[in-house]
Amino acid sequence: MDALLSLSNLKKYYATQKAVDDISFDIKRGSIFGLLGPNGAGKTTLLRMITGIFYPDGGSIILDGQPFNPIEDIQKIGYMPEERGLYKKMKIGEQALYLAQLKGLSKAEATEKIKYWFKKFEMETWWNKKVEDLSKGMSQKLQFVITVLHEPKLIILDEPFSGLDPLNANLIKEEIYNLAKKGSTIIFSTHRMEQVEEICDHIVLMNLGKKILDGTVTEIKQQFKENSFVIQTDNTTGIKENAIFNTMSHIENKIIVKINPGYQSNDVLKYLLQENINIVSYNELLPSLNDIFIHLVENTHATARAFQNVQN
Amino acid sequence: MNKIWLIIQREYSSRVKNKRFLILTFLMPLLIVGLIAASAYLSISGVEHRNIAVVDPNGYIKNSLKNTNQISFSFPNNIDTNNYTQQGYTDILILPSFEKNKKADYILRSKKSMGLMLQESISNKINSAIEDQMLQDAGIKQSILDSIHSASQFAELKAYEDKGKSSKESNAGLAMGIGYASGLLIYMTMFIYGAMVMRGVMEEKTNRIAEVIISSVKPFELMMGKIIGIGAVGLTQFLLWIVLIISLTSVAMGFLPSDIQHQVNTLQQSNGQMAGGMMQASESAVKIYNIQHTINTANWPLIIGCFIFYFIGGYLFYASLFAAVGSTVNEDPQDAQSLMFPITMPLIFSYIITNMVTQNPNTPIAFWASIIPFSSPMVMMARVAYGVPSAVSYWELALSMITLIAGFIFTTWLSGRIYRTGILLYGKKVTWKIMFKWAFKNS
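Protein chains in written order, with our numbering: chain A, 1 to 312; chain B, 1 to 443.
By construction, these hints were calculated from the structure, which means they are not laboratory data. The structure displayed is predicted, hence computed values, not measured ones. Hints may contain errors.
[Said to hold, decoys possible] Taking lysine-lysine and the DSS-like style, the derived pairs with C-alpha atoms no more than 30 Å apart in a straight line are:
#1 A:Lys254 / A:Lys270
#2 A:Lys153 / B:Lys17
#3 A:Lys89 / B:Lys17
#4 A:Lys89 / B:Lys287
#5 A:Lys240 / A:Lys181
#6 A:Lys119 / B:Lys3
#7 B:Lys287 / B:Lys66
#8 A:Lys88 / B:Lys19
#9 B:Lys19 / A:Lys89
[What the hints assert, rightly or not] Far from chain A by the CB rule (all over 12 Å, computed), these chain B residues:
#10 Ser14
#11 Ala40
#12 Asn67
#13 Thr81
#14 Thr85
#15 Ser97
#16 Thr206
#17 Pro219
#18 Leu235
#19 Pro257
#20 Asn290
#21 Phe349
#22 Tyr351
[As the list claims (entries may be wrong)] Facing chain B, according to a computed beta carbon distance under 8 Å, are these residues of chain A, among others:
#23 Pro81
#24 Tyr87
#25 Met90
#26 Lys103
#27 Leu105
#28 Ser106
#29 Val148
Yeah, the Cβ is synthetic: ideal placement off N, Cα and C, and Gly gets one too.
Let the sequences and hints guide you as you build the complete structure.
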């Protein structure tokens, strides 16, 4: 696999907790990767190590085929942190220019790119405004532009849609797809599962500093499926107790069934045909990522983590 | 390096372009001058006038007691402690009948209590009046006494400091003034610019822009960029003030009548003496010459050089500490108050020492306080005004500068370590103990 980023055995311990505890995974070039986990799972710490803000206590980061060098590789990364911030009193154009120059662009290059993006997002009139004059959604757009301006190979977005209206959220989403198509790799950190299902190719779920899930969205859904099917018929009353499946729920003409061990999905169809029940639709019921998330994270006392001590 | 430069530029230009900076820079000198003028005016116009009735049974001092613009003495008849207010006097002074060489009390009664200064001046007047009277009794004529009094005002103390074979005129009053002013200026700027650094760091942290920037530059670069940028703002301000003062004085000199200007020039060329045969210099020309002459006794290149050094050194020393405190503050600016305390205490304490040192530049406290970097920027400036090497030897100055440089390297290092942890840490109340741990724990 052609990995842009590969982490192996990454560790970061704080005095009171193991924030990131032995995490390894690869991210494919040009993919949209979802990093999921409950609050305090260690996502932000992990991202800060990838962006070079923190040094890992152990393990290694390989970026673009070479060991990660926080100083040299700054230009390859665009990071949009969860808690976003800009200088309130600074003019927007100057601010974008300043932050782009800090990333290593020359002034001319930065100006040209800012103009391109401002035009694209219809922000040209903003140049001489101040951030304090912008609404939350507007400053979010500005922050996104600043993050991707220097065309980084790796774009890290921490909750990029929070505070955006559906229209602007779509605009950003389109841009994320576009960037991925052009070859950028995107790490997308969130706990909004429906967005992950929609956007991400590949996800990793973290909890208590550990990786508990790793795979593509389809793979994971397959992994957690419970052999449940949704059957829609003309006449649900004809379905009796049987050895092949149990009826889990029953709403009007729809029933959800769970196939007992030892039987296949075709066995259900056979039964229905035998009973002469007219099938309108028959679908496998895959768990939503939300269900999987809750299922995995519940009962792990994730909320009590702050007070846990490190046992070495 | 290139990135620090970008940060410095932003910090500098965002402040210098600000209207507040321009207003402060141009209004501050006017404000100071106005304040001095106002307080001088008040101290002249605000004095109360005392009209004192004197009961002098033996007529001892009637001829010798002189009126001033604050006090006028009268010698009415038929006056006593019961009716002096009805007769329009503010106080009554009752003298006993003196016997020679015997100490006696005289009594002053007032409806309104009298200030200490005024009491002292009355006491001096009476004593000198008695002295005069005694001298006259001993056979010295009043006219001779008067001529002695006026003659005694001709002599003037001129102090010189020895420098090898040559000697140079020195002026303790001027040295004290310069020392005090530069100490005060450094003290104020440490506070103003230190707090500016702290607010800047807090702004970046609470705005959450720190994280965006730190993904591009190292925390230390961000901190140093801010400190240097704001320091440059401070230097710009000083420079503008110096230009402003020089141009204001030359404008003021331009308004002088041309004959006085000419006289001042002549006095300068002839070293204060009017050549024989020339016209007598007017009083105001002599005054202006004297002021210029006194100001010229100070070693200005040394003082300005030291001032810039101690401003920069002291600023770097304190600003990085302020930056460290700023980095640990969460949303609540109140937290900053308690954390700032250990920084502001030495500053205030140094200022108190500076006040002492302006009068006695060579005590052991003055020496130590001018070596320790916490106080040396202020205290050493107060001492340097008295002259190098007469008040401060070269090795002391060198030692003080070296410890200050070492001091700011240390505080910068220390603050850098606190800053890089603090700037990204939210939601945790930070104490000095925790900051100490960040600074000295290896991580």
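Quick rundown of the hints versus the structure:
no.	hint	in the structure
1	A:Lys254 / A:Lys270	holds (18 Å)
2	A:Lys153 / B:Lys17	violated (37 Å)
3	A:Lys89 / B:Lys17	holds (12 Å)
4	A:Lys89 / B:Lys287	violated (51 Å)
5	A:Lys240 / A:Lys181	violated (51 Å)
6	A:Lys119 / B:Lys3	holds (27 Å)
7	B:Lys287 / B:Lys66	holds (27 Å)
8	A:Lys88 / B:Lys19	holds (16 Å)
9	B:Lys19 / A:Lys89	holds (13 Å)
10	Ser14	violated (6 Å)
11	Ala40	holds (40 Å)
12	Asn67	holds (63 Å)
13	Thr81	holds (70 Å)
14	Thr85	holds (65 Å)
15	Ser97	holds (80 Å)
16	Thr206	violated (8 Å)
17	Pro219	violated (8 Å)
18	Leu235	holds (22 Å)
19	Pro257	holds (50 Å)
20	Asn290	holds (50 Å)
21	Phe349	holds (35 Å)
22	Tyr351	holds (32 Å)
23	Pro81	holds (4 Å)
24	Tyr87	holds (6 Å)
25	Met90	holds (6 Å)
26	Lys103	holds (5 Å)
27	Leu105	violated (11 Å)
28	Ser106	violated (10 Å)
29	Val148	violated (13 Å)
Violated hints for the displayed structure, listed by number in ascending order: 2, 4, 5, 10, 16, 17, 27, 28, 29.
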